[in-house]
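Colleague: Letter by letter, the chains look like this.
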Amino acid sequence: MWQSVRKHCHFSCVLLICLKSHMKPRKVKLVSVNTSVRLSYHNTGYNIKAAASVAWAVLLLPPSIAVFVIISRVSLLHPIQWISECVSLLTSATAIFSFILLCGVVLIVGFLNLEYYTVIPSIACSKIALLGQLLHPRQFVSSLVHCILGVIVAWCCAVTIGGRYQTLGYPCTQADGSPQLCLNEYQVILLLAGAFVGYCHSVLGVIHNMNYVSFHTVQQYKYLRFKGSLPLVVKCSAIQALYSVRNYLVVYFFLGKCSLHPLDTIAGLLDFSLLYHLWISGTFLLFTWYITLLLFRIFVTEVYSFPVQSSFTEDVHQCLPKVLTGQQPAILKFLALHDLALLSQHSPSRRSEVFSLSQPGGHPHNWNAISQECLSLLADLTQRLVAHHDTVATNGRAKSLSTGSDKKSLSSESTEDVMTPRPSVLIKTPASVFLRSSVGSPLTVPFTPDLDSPFSSPALRRLAGPVEQCSPWHGTVQSPHIMRRGPKLWSTSTGERGLQNKTEHVIPIVDPCAIWANECQMFQIMTCNCSMLISQLLPEASSQALFADTQSHIWALEGLSYLVKASFSEDQFGVVQTTLPSILSSMLVLQEAVDRHFKLPHASSKPVRSTSSMEDSSYKTLRFALRATLKTAIYRITTTFGEHLNAVQMSAEHQKRLQQFLEYKE
Amino acid sequence: IFKHEVFDNQPFVIPLSLYFPRESLKPHSRTESSSKAAFLDHCETLWMRSAAAWRDAGLTGLLNEIANSSAEVPKWLSVSSGCVLALLQRISSFHGSLFPHLTLSSEDMIAEFSQVLKWSDCAVRAFAWHPHTDKFAVALLDDSIKIYNPKSATAPTLKHRLQRSVAAVQWKPLCASALAVACQNCLLVWHVDPCSLSTRPSSGCAQVLSHPGHSPVTSIAWSPSGSFLVSASPMDTNMMVWDVAAESCVPLQRVGGGGVTFLSWSPDGSHVLASTPAALFRVWETRMWTCERWPCLKGRCQSGCWSPDGSRLLFTVQGETVIYALTFTDTPGIPSNTKGPKAAAVVADLSETTFNTPGGDIVVGGEIQSLAWDPRGERLAVLLKGQEHFSLDRPAMIAVFKTRTSPIFELLPCGFVQGEPGTEPRLMQFHPNFQHGALLTVCWSNGRITHVPFYFLSAGMARHGLGGSPPQPRPEERPADYINQTLYTELTT
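Just so you know, the protein sequences line up as chains A and B, in that order.
First residue of the first sequence: 1, per my numbering; consecutive thereafter.
First residue of the second sequence: 1, per my numbering; consecutive thereafter.
Same shape as in the complex, but just chain A (with noise of 0.2 Å):
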C-alpha cells in the first residue's frame, strides 16, 4: 500500500508541475506580470486541490480494478477457482503494469478535465452552433486523446480478462499449411469498442457540457459528498457503456467487414459472453473516468474562505474585496463570491470586518469594494436582459428610438447609467466551449462574437446572423407575416439608426423596396439551405444563454441582502445605509427586467429532468433560481427594516414597488 502511496504523492507532483508550465504564459498574456505574481497564491492552492482530486482517482484505482476482475471472471460453477484466479491474477506482473498504464490515463484525463472545466457553461442555441463546437480543433485533439486513452484501458481490460482476449495475434496455418501470424479479431473488438466508447465520452462531453463545474447549495463534506455520488456514478455508466456498446456494435457490423471471422455475422456478434466483457469493459472505463471527473467537480467547488482584511500589507492581495473587484480567473472569482455569501450568513465575525472602517483614514474600504462589485454585477446583469428584450421586441432587428424611451419608462432617473445600451450585437454566437474565459469579466462570455468558431466569415454571418439570433421567434421565421412587418419596422427607424450606429456593419437601406426584395431573397436562401438546421432551433436556448453564468449573481444577492440584514443590529459606523438605495434600486430595477424577461416563450418552460446522468444540468434552471433569490432577497431587506424604508431616499416608483413589499403583496 505504501508503495502506492509514494506513487500517488509523485504523480501529483509531475501533474503540479505539468500545471505550472502549462498555466504560466496564459497569464503572462492576459494579465500583467505583477498581477501573476500576486494571484499565484490562489493559483498555487487551487491546483493543488485539483492534483489531489487526481490522487484520490489513483488512490480508488486498485479496489476498481479488483472489482472488474471479479466481476469480468465470473463463474458462479466453481467459486473457489475463481477466487484464487482473481487473487493470483492481482499481484501478477501484468496486473502491475496495467494498474500503471491507467495511472497515467487517470492522470492525463484529470489533466483534461483541469483544461476543459468551465464555471460558465457554453449553451448552443442552435445545431449549427452546436456542430460548431463539435468541429471544433480544440475539441478533435480532445476526441482524439480520448480515442487513444480508450484503447489503452481496453488493452489493459484485455490483458486483465485474459483468454481469447489476451494476444493482439495468434499462430495460424494458411491453406497452402504455411504458419502464420492471425490477427485476433476478439482483442481488436475490445480495443476498437475502446476507442469508440472514448469517442462517444468526449462527444457526449460536448454536447451535455460534461465540462461545466457547478457549485452546490447544500455545503456538505467532500467525502460525504462522495459516497452520495457514487451510485449515481456506477448507474451512470453502466447505462452509458450499454448504449456506447450497442451503437458500436452497429457500427462495427457495418463497417468491420474486412475479414473472414465468424465475429462477421450477426450471430457472431450476439455471443452473449462477448457483449458481457463489451459492457464490462465500457463501464470500468466510463468508471475510471467520471471518478476522475467527478472527484476534480468536488476539490474544485470545495468552500475556500477568504480573509476580509489583512493586516500586513503584502497579504492585502488575498483578501476577498481585492479578490472580488480584481481582474481574476473565472473560477477565483466564482469562490470569492460563494465565500462572501456564506460569509454574511454565517459568521458575526467576518461580518463586523466587512463593516469596520480603515484605521487610518476611517473609511469603509472592505464595504465599499463588495457592494461596488456585487452592484456592478447585477447591473450588467439587468442591462444584459433589457437588451435581450429589445432584441425579441424588435424582432432580431437593430433598436430605435421608441425602444429607447421604453426603457425610459421602465427605469428611473438613478438608474439610467445602468441602462445606457451597448452596441447592439446583432450576431450573437454563443462562445464556444472552448474560450474558457480564465480572464476578465464572465459576463460578456454568452455574448462575445466568437471569433475563433469556423462561421465567422463575414459572408456567412451575414447568413447566420438572423439564424443563430438566440430568440424564439426565430423557430417561425418562416411565417410571411413576421417577414411582412419587417419592412415597416426598418424604414421607421432607419433615419435615427443611421445617425446612431455608424458602427454597425449592416449598411441601412432607405428604400422599403430593395429591403422587401433583399428580405425575400434572403428568406428563400434560408429556406433553400438551412431549412432543416432552422427548423431545430433549440427552444429556451436563448434564456440559459442568458444566464449561464448567473450564479455570481445568486452570490452577490445573497450576500447583499445578508450583510444588510445583518447591517441593522451589527454596523456600529452606519457605513451601509449610505449604500442602501442603490441596492435596493438596482434589486428592483433587476426584478423588474427578470419578470418582464419571464413572459418571453419560452422563458419560464422547464427543462427535462435527467437523473441519470454526469451531465450537471443545474445551469438549465439558474434562471428561476435567480428569480426565486432575487425575491427573497427583496423580503429579507424589507422584513428587516419595515417601516423604516420609507425613509430612505428613491424614487417615488421605487417606493411604490417597495411599499408592495412590505405588504406581502409581490
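Just so you know, the hints here were simulated from the structure itself, not pulled from any lab data.
Since this is a predicted model, take the numbers as computed values, not measurements.
Any given hint could turn out to be false.
What the hints assert, rightly or not - In silico BS3-like links for lysine-lysine, alpha-carbon gap of 27 Å or less: (1) K159(B) to K656(A); (2) K665(A) to K159(B); (3) K656(A) to K599(A); (4) K75(B) to K599(A); (5) K159(B) to K606(A); (6) K665(A) to K606(A); (7) K665(A) to K146(B); (8) K322(A) to K565(A).
Claimed, not checked - To list a few chain A residues with every Cβ distance to chain B over 12 Å, as calculated: (9) A66; (10) I70; (11) L101; (12) L662.
Beta carbons are placed, not taken as given, at the ideal position from N, Cα and C, and that holds for glycine.
Add chain B to chain A, keeping to what the hints say.
Modeller: Leaving out everything else, chain B in the frame of chain A:
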C-alpha cells in the same frame, strides 16, 4: 369572516373562527385502479397484459400476471415467476419485520406519524399561518386547500390531481406566495398570487417535486431564510433537501431508523430535528449537514419544538408522559468541537392527575401528541392524547405552560384549553406575529377552527420594542375556557 374588536381604544383584529362540518366534506375514496371495475372485461393478448402490469405495478405486477396466466405461457416460466414472486414476498416481509412501520399502508402511515391527532377522520388535516401576514392555509378532508386572508374577499381553493392525503402544509418564509404541501406521492409547491382574484388557481401554479421512493411525505420544513425545503418520508431513509426554484434535491441518507417521520427547523436556521420511526432521532446542523444521533430509551420521538433563539429543543417520546429538553450552546456559524449536551433533561412530567373542580373530577395527563411554542418563547402548548378507556374517560386536551428561557429555563403551568362538550382538539399552531401576546389556533374534531388569545406584555418586547409604544398592559392571563389551575406536576427546571 373576521371580526374587528375595539379593545382599549386599539383597533384589533382577531380572526373569527371557521367551521368545516364533517358532513360537507367528502373524503377522497377513488384510487387510480378502482375505475377498472366499471368497465367490461376485455380480452387482451398476454403481451398487452404484461406490458400493462409492468406499467401499473412494476416487476411484481409483471410476475403476478405471468404466474396467473399459466395456460398461455410455458410451464417453466409461470413456475419460475411464481417462485421469484414468493421470494420477493419473503424478503419484503423480512424487511417489514425489521421495520414494522413499512407494512402500513400510506394512509395509515400518515395517520400514525402525523402531528395531527386522529388524522384519518379529521375534517381539518393541516393548518399553516403565513409567517409574516395574517393569512393562513387550511387543508381539508376532501384534499382541497383553502387560503383565508383578512385583507382580501376571495378565499382561493387549491386542488390538484396529485394533492391527496395532505399531511402538512407550510408557507415559505420571506415570500408572499409559495405554499409547500406534503402529499401522498409527492410534494407540491403552490404559487398563489396574493393579488389575484381567482378563486381556483390552476394546477399550473403548482410545482411538483418528487423523488423515487420518497412517499408518502409526512413532514416538511422550510429553512427560515427561505432557501431550502426539507421533506421526510417514513418509507425513505433519505431526508431530502430541496432547492425548490431549481426543482433539484440533495438526498441526505442515514440508514438507521428506517425512515424519517417528523422535521422541525429551528427558528435561527442552525439546526433541524429529524425523528425516525425507531427509538432514535437526529439533530442536523445545517451549515455542513452533519448530524448528531440521539437514541431514545422507550419509543420514537413523537414531537418537538425549538425555542425562538434556536438554543433549546423540547421533545416528547412516544410511550412516555414527560417533556425533555436539549440545549445547544454553540453559536451558529462557528463550528465547534463541543458536541452540545450529552443527555436530555426532563423538564416536565405530565402523568395522569385528577383535579377536583366544582363540576366534578377531571382526569388529565398522559401521552403527548404534539408541542407548540409561541414565537416569543413565553407560552408552550401541549396537546395531550387522552384516552377512551372503558372505566375512565380522559379526553384529549391542550395544556398551556408559561415559559421563560433566561436567566434559567422555567416551565410553569398556566391553564387548559378545552372546546365545546364532545369535541376534542386535533391540531394547534401559534400565530407567528401576534402583537399583544400569543394567539393559539386550534382545530377541533367537529371541524371548527378557533383562535385562543393570550394577552401579556412580553419582557423582550418592553426591552427593545421597535417602533411605537408597547401595547397596553393586559390582565395577566385569560385562557379561553378555564380559569388558572394550580400546579399539577412536579417541575424540574
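Colleague: Provide an ascending list of the numbers of those earlier hints which the structure does not satisfy.
Modeller: 1, 4 and 12
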